[in-house]
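Residue numbers (the working numbering), protein chains in the order written: chain A, 1 to 426; chain B, 1 to 426.
Any given hint might turn out to be false.
Identical copies go unnamed one by one, so any copy, or any two together, can satisfy a pair.
As the list claims (entries may be wrong) - Simulated crosslink set (DSSO-like; lysine-lysine; CA at most 30 angstroms straight-line):
id, residue 1, residue 2
1, LYS122, LYS6
2, LYS413, LYS371
3, LYS227, LYS354
4, LYS227, LYS6
Quick caveat, the hints were computed from the structure, so don't treat them as lab data.
Remember, predicted model here, so these are calculated numbers, not experimental data.
Listed below are the residues making up each chain.
2 protein chains.
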Amino acid sequence: MSEILKENGIQVKITEAMKAWREDAGSLREKNRAVLTGVSPAGVIRAVPIMLNDFTPEEVMGFYKAYIDIFLESLPVEKRSAEQLQPGHPLKTLWDENREILRDAGELAIRGCLFSRERAEKLRPVAAKLRSMGFTHYDREEMVLFPYLEKKGVSALITSLWRSHDRIRERFREMNRALGGAPEKEKIREMSLKISEETADTAIRETDLLYPTAYILLSPGEWAAIKEQEGRIGYYGKPPEDRWKTDAEPVQAYEADPHITDEQMAALPASVRSVLGGMQLVGDYYEFKRGGDIELNSGYLLPEEIDALINHLPLDVTFIDSDDRVRFFSENARSFVRTPSVLGRLVWFCHPPKSVSTVEKIIEAFRNGEKDEAEFWITINGRLMHIRYFAVRDRWGDYIGTLETVQDITDLKRIEGERRLLDWED
Amino acid sequence: MSEILKENGIQVKITEAMKAWREDAGSLREKNRAVLTGVSPAGVIRAVPIMLNDFTPEEVMGFYKAYIDIFLESLPVEKRSAEQLQPGHPLKTLWDENREILRDAGELAIRGCLFSRERAEKLRPVAAKLRSMGFTHYDREEMVLFPYLEKKGVSALITSLWRSHDRIRERFREMNRALGGAPEKEKIREMSLKISEETADTAIRETDLLYPTAYILLSPGEWAAIKEQEGRIGYYGKPPEDRWKTDAEPVQAYEADPHITDEQMAALPASVRSVLGGMQLVGDYYEFKRGGDIELNSGYLLPEEIDALINHLPLDVTFIDSDDRVRFFSENARSFVRTPSVLGRLVWFCHPPKSVSTVEKIIEAFRNGEKDEAEFWITINGRLMHIRYFAVRDRWGDYIGTLETVQDITDLKRIEGERRLLDWED
Numbered sequence: 001m002s003e004i005l006k007e008n009g010i011q012v013k014i015t016e017a018m019k020a021w022r023e024d025a026g027s028l029r030e031k032n033r034a035v036l037t038g039v040s041p042a043g044v045i046r047a048v049p050i051m052l053n054d055f056t057p058e059e060v061m062g063f064y065k066a067y068i069d070i071f072l073e074s075l076p077v078e079k080r081s082a083e084q085l086q087p088g089h090p091l092k093t094l095w096d097e098n099r100e101i102l103r104d105a106g107e108l109a110i111r112g113c114l115f116s117r118e119r120a121e122k123l124r125p126v127a128a129k130l131r132s133m134g135f136t137h138y139d140r141e142e143m144v145l146f147p148y149l150e151k152k153g154v155s156a157l158i159t160s161l162w163r164s165h166d167r168i169r170e171r172f173r174e175m176n177r178a179l180g181g182a183p184e185k186e187k188i189r190e191m192s193l194k195i196s197e198e199t200a201d202t203a204i205r206e207t208d209l210l211y212p213t214a215y216i217l218l219s220p221g222e223w224a225a226i227k228e229q230e231g232r233i234g235y236y237g238k239p240p241e242d243r244w245k246t247d248a249e250p251v252q253a254y255e256a257d258p259h260i261t262d263e264q265m266a267a268l269p270a271s272v273r274s275v276l277g278g279m280q281l282v283g284d285y286y287e288f289k290r291g292g293d294i295e296l297n298s299g300y301l302l303p304e305e306i307d308a309l310i311n312h313l314p315l316d317v318t319f320i321d322s323d324d325r326v327r328f329f330s331e332n333a334r335s336f337v338r339t340p341s342v343l344g345r346l347v348w349f350c351h352p353p354k355s356v357s358t359v360e361k362i363i364e365a366f367r368n369g370e371k372d373e374a375e376f377w378i379t380i381n382g383r384l385m386h387i388r389y390f391a392v393r394d395r396w397g398d399y400i401g402t403l404e405t406v407q408d409i410t411d412l413k414r415i416e417g418e419r420r421l422l423d424w425e426d
Numbered sequence: 001m002s003e004i005l006k007e008n009g010i011q012v013k014i015t016e017a018m019k020a021w022r023e024d025a026g027s028l029r030e031k032n033r034a035v036l037t038g039v040s041p042a043g044v045i046r047a048v049p050i051m052l053n054d055f056t057p058e059e060v061m062g063f064y065k066a067y068i069d070i071f072l073e074s075l076p077v078e079k080r081s082a083e084q085l086q087p088g089h090p091l092k093t094l095w096d097e098n099r100e101i102l103r104d105a106g107e108l109a110i111r112g113c114l115f116s117r118e119r120a121e122k123l124r125p126v127a128a129k130l131r132s133m134g135f136t137h138y139d140r141e142e143m144v145l146f147p148y149l150e151k152k153g154v155s156a157l158i159t160s161l162w163r164s165h166d167r168i169r170e171r172f173r174e175m176n177r178a179l180g181g182a183p184e185k186e187k188i189r190e191m192s193l194k195i196s197e198e199t200a201d202t203a204i205r206e207t208d209l210l211y212p213t214a215y216i217l218l219s220p221g222e223w224a225a226i227k228e229q230e231g232r233i234g235y236y237g238k239p240p241e242d243r244w245k246t247d248a249e250p251v252q253a254y255e256a257d258p259h260i261t262d263e264q265m266a267a268l269p270a271s272v273r274s275v276l277g278g279m280q281l282v283g284d285y286y287e288f289k290r291g292g293d294i295e296l297n298s299g300y301l302l303p304e305e306i307d308a309l310i311n312h313l314p315l316d317v318t319f320i321d322s323d324d325r326v327r328f329f330s331e332n333a334r335s336f337v338r339t340p341s342v343l344g345r346l347v348w349f350c351h352p353p354k355s356v357s358t359v360e361k362i363i364e365a366f367r368n369g370e371k372d373e374a375e376f377w378i379t380i381n382g383r384l385m386h387i388r389y390f391a392v393r394d395r396w397g398d399y400i401g402t403l404e405t406v407q408d409i410t411d412l413k414r415i416e417g418e419r420r421l422l423d424w425e426d
């Protein structure tokens with residue numbers, strides 16, 4: 001009850017502020033700042049249906065955008081450190097995306113309230129854009145930023161944010177399904193408001209907690225490594241300008257310093273500290289690189305791990321090097337027997353004489369760059385075997401060998417539908 | 001014409017020898033040795049239809065077996081060196097199998113000539129056994145013995161034998177297809193005789209040329225390595241007794257000495273030498289092991305080859321080590337984005353919080369040995385993605401990690417029938 005009264009109070013205040021804004025847009029900042037900064041973006045979004053009773057959608061959108069600007073610029077300085085960074089700094093990019101996400105959340109709420117089957121096309125692009133934050137903005141945080149914070153012992157915050165991200169992703173899936181059918185107006189309106197609110201709420205938690213924490217804990221080298229990687233995932237909206245530069249050597253998450261100084265600790269947002277109840281953050285001091293590790297492009301493995309990894313693949317592998325010699329084969333449950341005697345053998349000698357011309361043709365086309373792949377399939381003892389040849393090239397595109405894979409695809413062909421849950425019985 | 005007269009002459013001689021053998025089996029060796037050793041096994045097989053006119057099948061079989069023994073024991077000593085080796089020596093095993101193959105070829109000819117639809121069951125087991133030489137006796141030669149001979153420059157002989165093996169394999173496939181339908185008596189009779197003749201002819205070329213050549217050229221260490229490998233492929237009939245022992249260190253084909261001494265050269269079978277026309281055999285001096293190679297269980301790869309090989313697989317790979325850390329991921333056209341920041345990350349942190357309990361359950365069951373595999377499939381953007389987890393164990397069965405593979409199986413599901421030929425247009 002008191003919650004409803006409070007909500008009603010907020011709505012009255014918002015409506016008043018909006019009337020003033022309609023009279024004189026410039027006056028909003030001076031006269032209503034206190035009112036506006038006392039209401040969260042999620043609170044304003046909840047008021048959208050009421051606002052639409054008295055104002056045009058354009059007015060609501062205009063007011064909402066002005067409100068977001070005022071809300072963000074009124075945040076205390078320690079929450080706005082990310083905003084002050086050079087464009088292109090990964091944290092500045094997250095901050096700027098978050099502002100755009102907050103705006104787009106408002107637009108989704110408005111479009112959702114105005115939804116009808118005839119006007120579905122007005123909602124779709126807004127929903128699609130906002131949904132894309134799940135595999136850009138959120139993915140960058142979860143996949144690239146979070147590992148550094150884990151290393152430094154920050155875990156409760158990121159777990160709770162990740163849960164929110166996932167709930168929002170799930171809500172978007174539900175709305176997509178609803179929009180795919182013959183959706184009821186009321187249902188879409190509810191869904192849009194709910195998604196918008198949760199999105200805005202999550203964005204504010206990131207602004208309040210995640211970004212200040214990352215700002216305080218991460219070093220320039222750590223940001224440099226994040227910068228190298230974030231482009232692989234992609235951005236929400238336009239990619240950032242590239243003005244931020246650093247001379248620092250990139251530091252990967254597994255090399256990051258887990259130690260947190262007392263100064264850093266003291267500077268963390270109060271609620272991050274309060275979760276710890278006076279305890280220190282416990283960093284992750286695991287030594288990732290081991291003696292004997294082979295440094296690979298994207299990982300460190302012992303030779304025995306390389307063997308075991310390849311030998312547990314659900315396909316057989318043979319590698320022929322650029323001298324046309326068999327250089328490696330896997331020892332899975334093989335479809336075609338291989339023994340060490342094949343190592344060093346010229347590939348022409350590993351096939352029945354009548355197939356040699358086909359092998360020659362494939363490898364020649366791989367070597368001179370005309371082709372990248374060849375495939376065959378045959379039935380052996382009732383099993384369908386898929387045999388593939390791939391041209392293997394180094395990062396400069398030069399031919400370094402041919403990979404043969406043989407896979408029993410009999411059972412794969414029977415897979416239907418989806419299996420999202422573990423089917424073990426116990 | 002002269003060929004037919006000669007054949008007729010042989011048949012008359014065989015018939016006479018057989019009559020004498022029926023009178024007095026023991027006398028065959030003394031009285032008819034000269035006649036018998038002048039006729040090849042293939043020649044005797046060609047005479048089987050005539051023999052069956054005058055003698056019972058049991059008599060023909062008994063005579064044929066006696067003939068094979070006499071034929072083999074009459075070979076010059078340099079062609080019988082393989083026979084003198086200890087049981088278990090790989091070359092002795094080949095020799096003994098060859099004797100059995102020669103006998104079984106005779107039986108196939110006899111059963112084939114007596115074939116009728118009612119008596120198909122008499123032919124099938126003989127044909128099935130003889131056919132198995134294609135993936136035991138022949139495979140061992142092609143896969144394990146031939147690489148050593150290639151290394152030493154012997155290539156014409158092995159190519160021509162391999163062609164014969166393949167022709168015989170193909171004839172067996174044809175006969176199998178014929179037997180699967182409603183075969184004509186005459187056709188099966190012809191096929192059986194043809195296969196038997198070619199099998200016997202190939203066996204004799206092996207006895208005459210391949211085994212003496214291998215006997216002269218291969219070292220004890222080379223035979224030791226062959227011995228280690230041959231069991232993976234398997235034997236024709238019963239596995240050999242294991243009386244042969246050697247102290248020599250196994251020498252893999254890629255380490256084998258390509259040099260042939262003058263004495264070895266002089267001792268080679270005349271027809272092997274005559275192919276060379278006085279030239280030396282040109283051995284294969286390729287250095288298989290390179291600086292920087294990582295020694296794997298079944299091959300030698302440079303780190304950049306390991307990277308390239310894994311990254312060209314038709315599936316995505318992630319490896320979690322026994323400390324539950326992400327230790328490696330492949331960089332194929334990935335279905336799920338991975339960046340270096342994931343390296344060293346605890347696997348629990350790489351998944352949305354709500355999936356963590358599933359990941360925990362899988363890894364726990366892998367670690368304690370209860371399970372070896374888990375699979376899921378989901379549709380993403382219209383593509384069916386097959387996600388599998390494999391317990392990775394070392395050779396002692398101890399858990400060393402978990403392998404995740406993600407494969408787009410959308411196109412694999414559409415594969416039908418067979419594609420045995422390259423489909424490139426040009």
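Handout entry: Ascending list of hint numbers which this structure does not respect
Key = 1, 4
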